[in-house]
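**Student:** Order-wise, the sequence lines are chains D and Z. Counting in full-length UniProt numbering, the first sequence runs from 1 upward without gaps. Counting in full-length UniProt numbering, the second sequence runs from 1 upward without gaps.
Just so you know, the hints here were simulated from the structure itself, not pulled from any lab data. Mixed in with the good hints there might be a few duds.
Below 25 Å or equal to it, Euclidean Cα-Cα: the simulated DSS-like pairs (lysine-lysine) are [stated by the list, open to error]: (1) Z:139 / D:255; (2) Z:53 / D:139; (3) Z:48 / D:53; (4) D:53 / D:85; (5) D:48 / Z:53.
Below, each chain spelled out in residue letters.
Number of protein chains: 2
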Amino acid sequence: MRSLFAKRINDIPKSFIREILKVIDNPEIISFAGGLPNPEFFPVEEIKEASNKVLAEDGTNVLQYSTTEGYLPLREYIADRYFKKQGLKISPEQILITNGSQQGLDLIGKTFLNEGDGLIIEEPGYLGAIQSFSFYRPKFNSVPLLEDGVDLEVLKDTLAENDCKLFYGVPNFQNPSGITYSDNKRRAVAKLLEESNTIFVEDDPYGELRFIGEDIPLIKNYLKDNTILLGSFSKIVAPAFRLGWVVMSMDKMEKAIVAKQASDLHSNYFAQRVIYQYLIDNDIDQHISRIKEVYGRQREMMVNSIKEYFPPEISFTEPEGGMFLWITLPKELSSLELFDMAIKEKVAFVPGSPFYVNGQGKNTLRLNYSNVAEEKIEEGIKSLAKVIKRAIN
Amino acid sequence: MRSLFAKRINDIPKSFIREILKVIDNPEIISFAGGLPNPEFFPVEEIKEASNKVLAEDGTNVLQYSTTEGYLPLREYIADRYFKKQGLKISPEQILITNGSQQGLDLIGKTFLNEGDGLIIEEPGYLGAIQSFSFYRPKFNSVPLLEDGVDLEVLKDTLAENDCKLFYGVPNFQNPSGITYSDNKRRAVAKLLEESNTIFVEDDPYGELRFIGEDIPLIKNYLKDNTILLGSFSKIVAPAFRLGWVVMSMDKMEKAIVAKQASDLHSNYFAQRVIYQYLIDNDIDQHISRIKEVYGRQREMMVNSIKEYFPPEISFTEPEGGMFLWITLPKELSSLELFDMAIKEKVAFVPGSPFYVNGQGKNTLRLNYSNVAEEKIEEGIKSLAKVIKRAIN
Chain D
1 MRSLFAKRIN DIPKSFIREI LKVIDNPEII SFAGGLPNPE FFPVEEIKEA SNKVLAEDGT
61 NVLQYSTTEG YLPLREYIAD RYFKKQGLKI SPEQILITNG SQQGLDLIGK TFLNEGDGLI
121 IEEPGYLGAI QSFSFYRPKF NSVPLLEDGV DLEVLKDTLA ENDCKLFYGV PNFQNPSGIT
181 YSDNKRRAVA KLLEESNTIF VEDDPYGELR FIGEDIPLIK NYLKDNTILL GSFSKIVAPA
241 FRLGWVVMSM DKMEKAIVAK QASDLHSNYF AQRVIYQYLI DNDIDQHISR IKEVYGRQRE
301 MMVNSIKEYF PPEISFTEPE GGMFLWITLP KELSSLELFD MAIKEKVAFV PGSPFYVNGQ
361 GKNTLRLNYS NVAEEKIEEG IKSLAKVIKR AIN
Chain Z
1 MRSLFAKRIN DIPKSFIREI LKVIDNPEII SFAGGLPNPE FFPVEEIKEA SNKVLAEDGT
61 NVLQYSTTEG YLPLREYIAD RYFKKQGLKI SPEQILITNG SQQGLDLIGK TFLNEGDGLI
121 IEEPGYLGAI QSFSFYRPKF NSVPLLEDGV DLEVLKDTLA ENDCKLFYGV PNFQNPSGIT
181 YSDNKRRAVA KLLEESNTIF VEDDPYGELR FIGEDIPLIK NYLKDNTILL GSFSKIVAPA
241 FRLGWVVMSM DKMEKAIVAK QASDLHSNYF AQRVIYQYLI DNDIDQHISR IKEVYGRQRE
301 MMVNSIKEYF PPEISFTEPE GGMFLWITLP KELSSLELFD MAIKEKVAFV PGSPFYVNGQ
361 GKNTLRLNYS NVAEEKIEEG IKSLAKVIKR AIN
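Bound conformation, chain D alone (with noise of 0.2 Å):
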């Protein structure tokens, strides 16, 4: 007899998270559970002017089918930009314009995995990453964060060890742990994975999103062509335009556009040439100060309440940028049955262990700050740190 689905189909996590945002679906929720930007920042009112202006200029064209690759002139002004901030040099023809990161991801695995081939990715790693890769079956491969990225031994090891393809990392203010790598472990991972010819998937949604200390070259700076770099819209203009792109080499890009193709011939381009007319109108540097100035003050509060209202036992990151925090509770707590006391005490986060391929981070937990008002973090943390002490004792 066969069977209805796909066995890959089988293999997939629901995605918990999903299942949380309906269970705090509740006003009176504070909730740190959401991954989501603050809305205060989306600038409606130029988006709305970018719509007007390009459907009054170029109505018939903006409505119409286009290339698979997106628009030429938004690909030219991601690789302007890279060469800007980062002095990267990429040209429009190795960046593919996608649905959001998130079919980055996707098109990486339907072009690049075969079942079986081997895949690093950090513990505890991103959950929509490992859910989108699951569907291609690899052999799932999980590096520890420590402080400043990924632990080089274990990496080392891992590499010696298995026949790794693709290592999916974020390197800064990862999500979930908000963990950012250091200068020199960029520099040894890109040295390891070279070596390896291992190809690092350098998923990089928040880097512009950073409020304390200096940029970091992206790994891609040091590994160059055996890098696979993402990016989006998503947290710095709006997320709804679902756009993001891919910068890959030629001979790789050749084949993902392919893959983009049978997969839904083109990413929207009336959002497209929006979200371009958008950027060209306006000053997206102070759009981003703005944004970082806040989410900056909002990290700030969630820091200092931790650390006046946890218990010692309790350990946890301090970002440097992006929208997340990572919470270590003692060894013998589970985040899972203090999510269903919080939610009591009308507080949510989201629980660790679904960011772990290999059943680990039990006692794990990742806060979201950015879309939180400052006034209602302090309260939030109290409510979590009296459900913490409840379940110590």
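Given the coordinates of chain D, work out where chain Z should sit on it, guided by the hints.
**Tutor:** Positioned in the frame of chain D, the structure of chain Z alone reads:
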């Protein structure tokens, strides 16, 4: 030595149409090659109004992340329309918003197809579906199209000799052939598929564009939950939005939502809101009437010109709707060779062989009439007739 790319990607036919469209990017060429709707009917002004309205009324929400399933009122609208037009009872929960029907095809492959699973496709079949499904490495079985739909005898034998999980077809004004299944044929197909427990993937992007004869019920009316139905706003509103949908029973939908989430989280939410606003603020039926009126005239002009200028050895379909018409040349002619001759005469078409999974169809070709001005159609057909006559002699 491991291979850089996934095996699946080496199986994919390069999009011939894509290559062709590059060749004919010359305004002097009369192109019957594209598959584009006529941009004259894109509701530019109405889309502008809808966009301004949703941004003014609910700006921060329309720019935020949203649900994987899609905007509920839009799914309700689609469900209502199926009931009004077809008497089909579909609940909004059975509808998933996708990036055009193309993504629907990819999600079906992802959710249902294991390598080697039997898949039936029409001969000739829709190229985008062949490409999309090829990524999941099914065993293709093609069944020829007759004037009133698929050849039932061959279908019966194919089902008897192979374990076929899916049958993909376009019963209304098929791409590429323009053929429509008769009602009797639809009933017979449903019966055969029911007996073999094969799911019919009913792709219906052109169903609303009938300009001759009466609407015929969808096969879903007869095969019920053993059907997966695909629809799209690309041909009735505008393609740039990349908004389509897929309808399936809840047991299937639960899995397809996981596939969609892993693929790109959700479709462009801003675009969903704009399209919905457009649909409720405007008379879409009147809009579709205008499209049908013009496409009908364009189709008539093409059919009449073919009758007048083509030599009698050429056979062709006379579509009752949609955008395409299919030409069969004498067996010894190659439409690929004809293509090069035609380009010199400044007329273009799509050679037929890429629409076959079995290497057949070398003497066939596809003509599009929807995106060519009426006065150019006669001129282009005249040039093409000249080329065909030269090739015959």
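**Student:** Taking the hints in turn, state whether each one holds.
**Tutor:** Consistency of the hints with the structure:
{"no.": "1", "hint": "Z:139 / D:255", "in the structure": "holds (22 Å)"}
{"no.": "2", "hint": "Z:53 / D:139", "in the structure": "violated (48 Å)"}
{"no.": "3", "hint": "Z:48 / D:53", "in the structure": "holds (9 Å)"}
{"no.": "4", "hint": "D:53 / D:85", "in the structure": "violated (28 Å)"}
{"no.": "5", "hint": "D:48 / Z:53", "in the structure": "holds (9 Å)"}
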